[in-house]
Amino acid sequence: MRDLWVVGDIHGAHDKLRAILLRAGLIDFEGNWTAGDARMVFLGDYLDRGTKGVEVIGLIRRLEAQARRSGGEVTALLGNHEVMFLATLLFRHDDPQDRLGFRQYWQRNGGQERDLHLLSPDDLAWMTGLPMMAVLDSWLMIHADSLMYLKLGDTVGAVNTRVRAMLAGRDSESWGHFLNAFAARMAFSLAGGETAVRRMLGTFGGDHLAHGHTPVHVLIDEQRHGRVRGAGAPLPYAGRLCVAMDSGMAYRPNAGFIARLDGGGVAEVVCFPDGEPAY
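Residues -8 to 270 (my numbering) are what the sequence shown spells out, left to right.
Calculated from the structure, these hints are not laboratory results. Treat the hints with care, as some may be off.
[As the list claims (entries may be wrong)] Each pair of labels, with its calculated beta carbon distance range: (1) L141 - R231: 18 to 24 Å; (2) G27 - D86: 44 to 50 Å; (3) M(-8) - M177: 29 to 35 Å; (4) D212 - G167: 27 to 33 Å.
All C-beta atoms, glycine included, are put in the ideal place defined by N, C-alpha and C.
My request is simple: use the sequences and hints to build the entire structure.
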């Protein structure tokens, strides 16, 4: 079986991402794909908070093309921060006074003006075509730890088609409702979380679920009601059916990890050099 690597929320932390991918042997020093026929899934949130969102998107798009030529595959999912960014860009001329609040919402959540100016039309077209979810091997891949996906369709294809259609339109109310729904989190960590994960898997397929969106250290704090020094590994929870993959790499200087998944769960973890110890 081909390797399956998963990367959580990057949020503009381009240099840190490159360091981790290099350490894992997935790219070379020039940032080119060296992983052969391996698969890699990026779980969304490439922009905001960190300063190099443009470079993150450029790297992912280059790896997509290079992996394809090597018999590998790179899949990038849509995150809620991509939707925030697109809404800000799409409606800024329709609503210069920001009465809809999209720009303010984006800025409050770490929006970077540099991205607005430097992302190319090709980058934006790529972003609007990103899928919401995917199933690879026994894994259901999504961005948010939320049940919102169940309201969008009953198959992976139906959800992806519906969201692409919404992103192609200019109905600001639909965009607003979608952004509000996409902000939800912790559906799998609170009471009834394992049942919620089973609903997702029963509807969309897969034996396990991987998500980003909520940083691992936040989930640990929620479950243990105490502070954690480090969160240097993915977090299996909800009866080990679910794995949280947001390492918080843009939030903490030493944070950042990626993981190789297999049919049994997390098979390998590669952390940012000198990262904090795992919990």
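Quick rundown of the hints versus the structure:
1. L141 - R231: 18 to 24 Å: Cβ of L141 to Cβ of R231: about 22 Å, so the range 18 to 24 Å holds.
2. G27 - D86: 44 to 50 Å: holds (47 Å)
3. M(-8) - M177: 29 to 35 Å: holds (32 Å)
4. D212 - G167: 27 to 33 Å: Holds: the Cβ-Cβ distance is about 30 Å, inside 27 to 33 Å.
In terms of the numbered hints stated before, the structure departs from none.
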